[in-house]
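There are 2 protein chains.
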Amino acid sequence: METLPNESSKTFAYRVTAQADYGRAHCGIIQTPHGAVETPNFVFCGTHGAIKGATMEQIKAVGAQIVLGNTYHLWLQPGPDIVQLNGGLHAFTGWDGPMLTDSGGFQIFSMGYGGVIDEIKGKSRPNALRTLLKITEDGAMFRSYVNGRLCMLTPERSVEIQQALGADFILPLDECAPTHRTRSEIVASTQLSHRWEERSLKQFLDHFDDRQRMYGIIQGGIYEDLRTESIDFIKSHPFFGQAIGGSLGVEKQEMYGLVDYIMQQVPVDRPTHLLGIGGLRDLLEGVNSGVDTFDCVHPTRIARHGCALIARPEEAVAKEHINLKNACYAEDVNPIDSECDCYTCRRFTRSYLHHLFKARESTGGLLLTIHNARFMMRWMEAIRQAIRSGQWKSFYQHYIHG
Amino acid sequence: METLPNESSKTFAYRVTAQADYGRAHCGIIQTPHGAVETPNFVFCGTHGAIKGATMEQIKAVGAQIVLGNTYHLWLQPGPDIVQLNGGLHAFTGWDGPMLTDSGGFQIFSMGYGGVIDEIKGKSRPNALRTLLKITEDGAMFRSYVNGRLCMLTPERSVEIQQALGADFILPLDECAPTHRTRSEIVASTQLSHRWEERSLKQFLDHFDDRQRMYGIIQGGIYEDLRTESIDFIKSHPFFGQAIGGSLGVEKQEMYGLVDYIMQQVPVDRPTHLLGIGGLRDLLEGVNSGVDTFDCVHPTRIARHGCALIARPEEAVAKEHINLKNACYAEDVNPIDSECDCYTCRRFTRSYLHHLFKARESTGGLLLTIHNARFMMRWMEAIRQAIRSGQWKSFYQHYIHG
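Protein chains in written order, with numbering that gives the first Met the number 0: chain A, 0 to 401; chain B, 0 to 401.
Same chains, same names: a pair is fine if it fits in one copy or spans any two.
Derived pair list, reagent style DSSO-like, types lysine-lysine, alpha-carbon separation capped at 27 Å: (1) 51 with 324; (2) 357 with 51; (3) 201 with 133; (4) 392 with 251; (5) 357 with 324; (6) 392 with 318; (7) 318 with 357.
Quick caveat, the hints were computed from the structure, so don't treat them as lab data.
Since this is a predicted model, take the numbers as computed values, not measurements.
Work out the full structure: start from the sequences and follow the hints.
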């Protein structure tokens, strides 16, 4: 197999810039043609090529360095041809910084199995829509949720679409098996994922241009030996970095343990992304295990439902947000967080935000999206600062243990 | 009756700064404690204390000089006490420029008669909610749409609420009678409005402080003699300015004629506001008749439904917007308007905006709100510029006649 010109590239690079005084936490820099990403960092989800309800200008203003687009959604609407006609996803969406697309697999399996997101997190949604029709060696056949058309996603097609979209980082197609599968099913699924990843990488390299790099995805479910096997697979292929996918267990502690197990083995000269995880405590644990980047719809989704992220040392991270729809905020003339420097906290009271949600004014969701996005950026900056200054152990333990 | 310290005030003033070469069009300045409003100008509607889906920062950035809050909505949610607790409507909403509140009457009668907005514009909505229970000499009794509670709006209560809200300009309570009323009903309604306006003014002056001024409202429906009577009423009372309310007829030409009739008689040392009118052609006709300010939900409402304002000289003003949801924009990589300097036109294609609406991403509504708001500000600036430079006649006639 060809080697990916990782090191020779002037446009893409990854290096560790600081090692923490504790754990495997570190700071790093991921260089891309669209600028650098300081790690640890958080990737905002722009599913359809927009951060829901906000402008890219507003997301840039909070200090965001990288956003993600979902290949599944962008494939079905507007389609890669239209994005290409617009000059690629950067020009299309107005985001000129680093960008990542996923393979589209997660959404297909998520909708297909009736909510793999929930299943991965141990919740069941028996009545959810099931659109996944068939998984074969070739790929996954499903029905478009947009127009009901039959679609086939293969590793080659996923990469082709992602090359048309033109994000800096792309992902290979993998199978996202739900949590409640037998071990032998997960073995088969992990092996299928590896074959798909190999085909994805081949497609990528066969049509390689220097604007993009591919991460590999570590699968293997909750089984340590399968995770190790998957890491070995990743190591032996010229991916730019690795993403941790698949089910990480039902309980948080189980997830923290499994991520830590995985992070002991990943190649440290490549950045690691933890897919779909974004709780404040989760980030601390991930960073401590050595993860570089995270993505999750959580901060922006809860914003639209009236919830503002907070981190009060006295409450540790047990309570990670307040719900401004609660009646107790109707007369609260304080900002969400008097130490936050976001537009929302500088200008508006909890009382006003409570009012906007009571009045069903979507400006409320926008103002909380700004706060939560800025919160995440301040949280990541505080983490990086703690690592750089040799204070990581106390920062981490203070928040974990109060 | 006491005299309102209009002229003595250092904080409030109105003066004409330029007279046009045609019609009664003019430029003026309205001075308030929160800054100046150049006229002709357009007032953006922030019904619940927010411009729907956008931030006040974004509305400020397009050049907006004045916004409006609806007393009816703010009374029922969050209530004037909460607004006052937050330091008044300016502090509450984060808008630090000039601001206007209406009396609350329009919405009560609108919901009460099952859509006075539509009736005033000649459309019928027979199935609309009817919440108005009774109109007496004292005021209007209605059911809150928020919690079903019985509420009574009197002239005194309306002014009390508006004084608590603290906008720069407030309006007296009037009755907004629907279009399809008999002449004798409109006579009675106009007289009731005058008695209510007198009580509103008394309440205002009895609790006067220098932070606010009151406009009078000219009623009289489609009857010229009743409009003249109403103007005489307004003239004989110390209002800061006058607003034109009530039905102006069903056809546009009828409206233009009636507004022109009214504008021949209003005191020119006071600014005139035309309530609820915001079409591009309507603004030109209003300005030509001598109107200073306008308000309407139209530009921001159609934005949320995918429509972008445009004014192409070659199409005159017959087609005032394009609907970006139309399939013809799916592959259109032009901005809405290549001459527009708004964030949306500088960064995004029609194709992207079309996509956002297809994907039901509310960012589309926000981006069009920014464009339409900026469009209105550029439109008003073009009008002022034409007046100032002695080009009004040709500007006006070019757009009216193509």
